[in-house]
Every structure is written in structure tokens, then in C-alpha cells.
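Visitor: Listed here are the chains, written in short residue letters.
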Amino acid sequence: MLTLILIGFAASAIAPLIYKPLKNYFGWIAASFPLYIFLSFLSKYNQIASGNIIKETIEWIPSLGINFTFLLDGLSLTFVLIITLIGVVVFLYAGAYMRGYEHADRFFVYVGIFMTSMVGMVISDNMMTLFVFWELTSISSYLLIGFNHHNEKSRKYALQALLVTGGGGLALMAGFILLSQISGSFEISALYNLNENIRNASTYSAIVILVLIGAFTKSAQFPFHFWLPNAMEAPTPVSAYLHSATMVKAGIYIIARMNHSLGGTALWQDTILIIGAITMLFAAILSYNQMDLKKLLAYSTLSVLGTLTMLLGIGSKLAIKAFFIYIIAHSLYKGTLFLVAGILDHETGTRDVSKLSGLRKYMPITMVTAAFASFSMMGIIPLVGFIGKETVYSAILEVDYWGLFLLAVAVIGNALIVMITILVGFKPFWGKLISTPKEPHEAPIKMWLGPLALAVLGLLMGIFPNVFIGRLLDQSAISIISEKLELTIKLWHGFNFVLLMSFVTLLLGIGIYFFRLKILDITHNFKLKKIFKPSEWYEFLLNGMMSFAKFQTKVLQNGYLRNYIIFILVTAVTLASFALFRIENALKITPDFSITFYEGAIALIIIISTFFVITSDSRLKSIVGIGVVGFVMGIIFIIHSAPDLALTTFAIETLTVILFVLVLYKLPRYLKFSKPLSKLRDIIIASGVGLFMTLMVLYITSIDLTSELKRFYTDTSVPGGKGRNVVNVILVDFRAIDTLGEITVLAIAALGVYALLKLKLDDRGE
Amino acid sequence: MNFLLAIIIGILYGAGTYMILRRSLVKVILGLIFLGHAANLLIFTIGRLTKGAPAFIPQGAETLAEPYADPLPQALILTAIVIGFGVQAFAIVLFKRTYQTVGTDDLDKMKSTDELK
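Residue numbers (numbering that gives the first Met the number 0), protein chains in the order written: chain A, 0 to 765; chain B, 0 to 116.
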């Protein structure tokens, strides 16, 4: 399976190389690549359908437990087949659709990466690899939404989708890490029998919330739904593929995949159920005033995603069955309808539904395709969408207490979807012809073949549900709820309450369609207040973050050297003091107070000359003062057995004073710059630093020190380094490379000094 | 003497900090020198002090017997002193050059390239 993934990425990389020379056939060539992956996985169909699981592990970072572990079971195979099958159609379609676009070759790179990552995601058993693929789909989605990057809206909404789904991805990863701490492994299959442990873990609520944030952002559930309609800025094949058929189902996939280990609690089930139901209803309602074909479809996608989420929340056998049928049915008809919308846009030049009418003569094949898909979407017998909706209704009816209420919600939501379907699937083709920006004509074969095939597949699945869906159903259910369904799928269940509800939905939908313009007139002036719109929350957060970044840059990076130093010192000293004071007895040391006369004298000289340097208003006096400090340092070194240090210090101090005098002698007197208040502030900070250092030295010197290095150097100095002055041997022998580095630094400093002194700045009038 | 040296280190660090926060570039350089002295003395003191016993191995002997001064901190400080001198020399000349070019030694007047509008 890793080979297939690698082939996928390699093929994506090759795409731009062969795009130009083979432009006319590129759609067919590109489609052969998802077809190959589709067939490779289809060949495993029998094996999986008879209850086997294929697992494959390739080590990646074994020390961290991160590996390419791929697992193919009913659930992942279903997703892989959907992804690659629709991939075939979309690639072929895009070959024709994208021809007019600049950089169409890049488009195929991005879509190729997307498809491969999506397949990788649904077959990953390792949570970290799953996360990597998950983020790859977010990134390719970003690149594809922003494909028309000269358009400001495209860029803005691409970023929006990336931030929302990417942020959710991070939450998901955090959830995964918490989960792995319970099971001790990143493998999802290691969680299978741990449901009990996970539910009782103290981190359970955190895990559920984090995982669900990841899933809800990706699958555009309320209140994260706003990015999906905005993502319609992408070229239509992308909307059909990523933003209706596959990527937006990734979140739902995660919920399904995690259900067996996280499910079974009120927190998990109710959250999913309620959020799903809200999304189902509100997304459908929000579509009522849209005129854009793609936006309409996007809202209906949201509604369906909500339904799917809700079904997982119900979690009964029947609900899982409905989930499974509905997800397949939706991918087929929604992919098709998006592609039909693309054809309409491409061949007539507009996507505005009010400007499209009577095109049946010009586009007969598209019309038939749209009709099949629309019947499926509306839930009309004998298409697969009918079975889907029937099962959804039956599953909802089973819910205790809330069943009838939820059913009402579902009927309203679906009636609105029926309205959308009429607008998208029928209105453009029937009625009187309205002239369009472009002379309408039928799409090329590359563009109608795929959608038509998907539409026909929807019909076949409806008539022979057991052939196409039935066999994988049981295996998928095992992956989701750990038990077999043992329910058969039938097209016709007889005349019953659920059928009546389907009928009501249809009538209601048609009714809404005919009164649509009147409803629009009434609600014309009604606008949702900003505070109720989650997209405004997003804007607020984003702007807030930007202004905060600006504010803190202004504070922290304000160009004043001393402010930088103050930040660094205060932070360092505060943290270090915190650490020092936490040590027990750190301040209960009794230092040796005994001092001799000359020690006292030395200390006095240093202190006096230090204050002299600080307070003096003459440069020369300050330099003399600092020279005195340096020489006393040398005396301290002599007293404490460090003659080499003393010699060096005397030499260097002399040089420093000479250099200072030579360079600074001619400059004017000090000017008073600082205000008294800032002086006070600096005195406080300086005293703090000084006090901390004193305390630290007292504490450190109160601990006994045994240095093995001291012994080592003195023992090996004569036999190893042939020298009797151990300090010198260390410098030129044991740490010779260090000394070499030091000499290099000096040489560079000398070069710098020389260059600065000799440099002629001609243009500055030097 | 530990106690006294600890106080001297504190004063040198305090003085260095205060000077490095001044607006005059010369004072900043003086602050740098103070901090250099303070750091050297810090390493020296926390490497423990020994009086009158430098790490010289007498002729004929193979090694030294305790007590004697730890040679390692001394070697490190020796390096630090020399590097410190390089830094000081460069800073002094850089200051001279800056003063000639900009005409001021006020750091606050040299911040314009970094300013956020």
C-alpha cells in the first residue's frame, strides 16, 4: 500500500513535465492514474468483503512509535473506492475544464497530491501518519481554493479554509497524543478493546473535545461551517472533488473510525447528534437566498454532512446502515451535480441560476445526467438516494424521545435540499430559453462522460443495492460499532410511515421552490446580526491576532537597545531567582565573614573606583577608573594562585586604557541624556541583577565541589602534555582547538578594527 | 574572602547593567567592560579559591597533591580575557567611527532603521 502512495506522489510530480506535450490527451492520461489505484484496491474487494483485514507496517520513526502502518478494512476500503472512483471522473473532466486556465499543469499536481494524501489518510492506522496525511489534504485544499490566486477573494478564502481546518488538525493531533498516552501506542488498532479504559481515563473529555474539533472543522460542521461555501472560489472540479465528495468527509471518517474507542458516552454521542442536527437544518435554511449554482450545492453539502454526523451520533445499527448508504449516494450524486454546474458555467458563461433556463435542446446529455443525479438527491425511487433517505428516516424514528422532533427537522432540511435540486438540476434545462453570456453548446465528451457514468452508477446501485453496497456494509459496521449489522438493504419497503415522509419531503420541497421568490421578497430586508455569524467570529479572531502581533512587536521590538536588554535581564533574573528560591535552605547559608586587612582594602578600591566610573562626568576619569578596577582584578588573581591570569590582565588592561585614551581623547564631554526617572528604573534593575548574582555566588560556593577534571588535567599534564604549568598545558594542548578559535576571533576583531580606522566613506564627506 | 568576592561580583554586575542601559555609547562600552570583569570573577570564584598554591608541577614530580588551584577555570578565564579585549577594541573603534559618521553618541538617535511604523 505504501508503494501505491509513493506512486501517487511521484505521478503528481511528473504531471507538469508531460502536460504541455500531451495537452490534448491529458485528461485521459491523468484519469488513468486514479483508475490504476482504484483497480488496485478493487482487487482486494473480495478479500475484505469476506471479513479479512489487510495490514502493512513500514517503519518510519520506530523510536517514537511513528510508522507507516496501513490498514485496509471495510470502512477504509469504502472510502478509498469512493475517493479514487470520483478521482477518475474529476481528472478526466479537469483535462477539458482546466484547459483555459493558466498553470493548469499545477492544478494536476495539487489534485494528485490531494488524492494520494486522502487515500493515505483513510488507510493509515498510525495516528501520526494519519495526521500528516490529514494536514496534506488541508494544504492541497488551500492550494486548490487559491488556484486563481490573482483573485483576492480566492486567496482570502483559501487562507480561511486552511486556518480553520489546519487549526482543527492541531486539536486532532493533541487528542491523538492524549489517546496514545492511554494505549501506549499510536496505532488506532491498538485502541480496539480499550473503550472501557479510555472512557474512564481522566483525559477522556479532553480527548473527545479535541478529536471532535478536528472532525467538525474538517467536515464543516456548525459553527465551523462558513469556510465551505467560501471555498467555492476554487475551480469547479475541486469543489466537486474535495469540497463535496471526499475531503469534507474526512472529519466524518475520523468520527466513524474513533467511534469504537471513544463512543458510547453521552458526551460523544449527544455532541455529535446535536451538532449534526443543527448543521443539517441551518445549512439548508441558509441556502434559501443563494443564486449561485455552486453556493447552492455547497449549502446542500453542508446539510448532508450534518445528517451524516447526526447518524453517527444516533449510533444504532440502522443509523450506521443509513450512514453508509447515504455517504455513497451523496458522493455519487453531489459529485455529478457539481460537475454539471461546472459544465453549465463553462458552456454558458454564468453560474447564476436566475439567468439559466431552457437549455435542454443545447445540452441534452448534460440534462439527462443532471436529471439522474437530481432524482437521486431528491430521494426518488429507484435511485440509490431513495434508499439513503428512507434509511435515514427510519434510523431517526428509532431515537427515543426526540425521534419525531428530529424527523421533523430532517424533513424540513431535506425539503430545502429538494428545492436546491430543482434549482440546480432542472431549472437550467426547462422553461423558456434565456440568452447566456456565451452561446450554449454541449460539453466535450471528457466532461460529460464521467458525470453520466456516476449518475448511471447511482441508478444501478439503487436497483441492485446488495450487489454494490451490501457486501462491504457488514465489514464497515464492524469498524465503526464493532458488530455486524445483519440487516439487508432493500429498495422497496412497502407503503409505510417512512415512505409517507419521503413523499411529504418531496411535496414540501416543490412547494418551497414555487414560493421561493415570494419568500425572498418578504425576507429581503432581513439580515442576520453580525454577532450570530460564526464567520464574523473568525474575522474578529483573525484581526485580533493581527493587531496583537502588531502591538507586541511595537512593545518588544521598539528599536531601543536598552529596552531589549531590560526585557532579557528582567526575564532571566526573575526566572533564575524563582529557581534559586525554590531550593530548600538556599538562603540559610552562613558564609565566612573573616577578612584580612588587604582583602578589605582591595574590595574598597574596587567599590570606590566603580562608583567613580559610574558617577564621573568626564570620559578620561571614567577610563582611569575602569583601569583601576582591571588592575585590582589582577591583584585578586595573584592572591588566589592564578599568576597567568594576573599577567594577562595587567597587559590587557594597559592596552585597553591606552586604546580608549587614544580614540576618545578628542571627543567632547559627556552629555546628560537620561531623565531622573529612567535613572531610578535602571538603578533598581541593576541592583536586582547585582543582588541576584551575589546570592547565587554565595549559594554555589556553599556546596562542596569535587572536580574530576581538575584531577585529570594535573595527572596528565606532565605525561601527556609535557608541561608543568597546567593552565598553559590546558590552553595549548588539551583545548588547543579552542585556543585556535580564540586567536581567529582576535584576528577577525583586528581586521575589523583596521578596516574601521582606514575606511573612507567618500559619499559621506569624510 | 568568598563573601567579599560575592559582593564585589554583585557590584560589578550591577554597575555593568546600569552602564549598559545608558544612552551614551561610551558608557555602554564601559558597561561591557564591567560585565566582562564580573563574569571572569564569577567563574573564578565558583571554581573555588585557593591561596598560594598555583597549579605548577614542580621539577621531578609527575603530578600535584591537594591543595592546589583548579587550573580549568583559569584556562577558561584566560581565553575570556583575551576575547573580551578583542570585543572591547572593536567596540571602541566602532564607536569612534559611528561618532564620526552620525555625529552623536546618543543611542536613542540611532534607532530609526528599526522603527515600526
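Simulated from the structure, these hints should not be mistaken for lab results.
Quick caveat, the model's predicted, so the values are computed rather than measured.
Beta carbons: idealized from backbone N, C-alpha and C, even for Gly.
Fair warning: there could be bad hints in the mix.
[Said to hold, decoys possible] Examples of chain B residues lying across from chain A (beta carbon under 8 Å, computed):
no., residue
1, Ala52
2, Glu61
3, Leu63
4, Ala68
5, Lys95
6, Gly102
[To be verified] Calculated lysine to aspartate or glutamate pairs in the EDC-like style (CA-CA distance at most 20 Å, straight line):
no., chain 1, residue 1, chain 2, residue 2
7, B, Lys95, B, Asp107
8, A, Lys360, A, Asp344
9, A, Lys674, B, Asp107
10, A, Lys426, A, Asp291
11, A, Lys674, B, Glu61
12, A, Lys678, B, Asp105
13, B, Lys95, B, Asp105
14, A, Lys721, B, Glu61
15, A, Lys489, A, Asp616
16, A, Lys431, A, Glu485
17, B, Lys95, A, Asp616
18, B, Lys50, A, Asp703
19, B, Lys50, A, Asp104
20, A, Lys437, A, Glu346
21, A, Lys354, A, Asp344
22, A, Lys553, B, Glu61
23, A, Lys678, B, Glu61
Visitor: None of the hints should be skipped; say for each whether it holds.
Guide: Cross-check of the supplied hints:
Because the closest C-beta pair between Ala52/B and chain A is about 5 Å apart, less than 8 Å, the hint holds. Against a cut-off of 8 Å between C-beta atoms, the interface hint on Glu61/B holds, since the closest Cβ of chain A lies about 5 Å away. Using the Cβ-Cβ criterion of 8 Å, the hint placing Leu63/B at the interface with chain A is satisfied: the shortest such distance is roughly 5 Å. Against a cut-off of 8 Å between C-beta atoms, the interface hint on Ala68/B holds, since the closest Cβ of chain A lies about 4 Å away.
With its C-beta approaching chain A no nearer than about 5 Å, Lys95/B sits inside the 8 Å limit, and its interface hint holds. Because the smallest distance between the Cβ of Gly102/B and any Cβ of chain A comes to about 11 Å, over 8 Å, the interface hint for this residue is violated. Of the pairs offered as hints, the one joining Lys95/B and Asp107/B holds, with about 17 Å between alpha carbons and a cut-off of 20 Å not exceeded. The suggested pairing of Lys360/A with Asp344/A holds, with an alpha-carbon distance near 17 Å, which does not exceed 20 Å.
Proximity of Lys674/A to Asp107/B is assessed by CA-CA distance (about 13 Å); at most 20 Å being required, the pair is judged to hold. With a CA separation close to 13 Å, the supplied pair Lys426/A and Asp291/A stays within the 20 Å bound. For the suggested pair Lys674/A and Glu61/B, the alpha carbons sit about 62 Å apart, so the restraint of at most 20 Å is broken. For a cut-off of 20 Å, the pair hint linking Lys678/A to Asp105/B stands: about 15 Å separates their Cα positions.
At roughly 13 Å between alpha-carbon atoms, Lys95/B and Asp105/B fall within 20 Å of each other, so this suggested pair holds. For the given pair, Lys721/A sits about 10 Å from Glu61/B by alpha-carbon distance, which is consistent with the 20 Å threshold. For the hint linking Lys489/A to Asp616/A, the alpha-carbon distance of about 99 Å lies beyond 20 Å, and the restraint is violated. At most 20 Å may separate the alpha-carbon atoms for a hinted pair to count; Lys431/A and Glu485/A exceed this at roughly 50 Å.
Under the criterion of a C-alpha separation no larger than 20 Å, the hint pairing Lys95/B with Asp616/A is consistent with the structure, at around 19 Å. Note on Lys50/B and Asp703/A: the hinted pairing holds, with a Cα-Cα distance of about 17 Å set against a maximum of 20 Å. As the CA atoms of Lys50/B and Asp104/A are separated by approximately 79 Å, the hinted pair breaks the 20 Å bound. For the suggested pair Lys437/A and Glu346/A, the alpha carbons sit about 7 Å apart, so the restraint of at most 20 Å is met.
Simply put, Lys354/A and Asp344/A have alpha-carbon atoms about 11 Å apart, close enough for the 20 Å limit, and the pair holds. At most 20 Å may separate the alpha-carbon atoms for a hinted pair to count; Lys553/A and Glu61/B exceed this at roughly 62 Å. At roughly 56 Å between alpha-carbon atoms, Lys678/A and Glu61/B are farther apart than 20 Å, so this suggested pair is violated.
Comparing the model with each earlier hint shows violations of hints 6, 11, 15, 16, 19, 22, 23; every other hint is respected.
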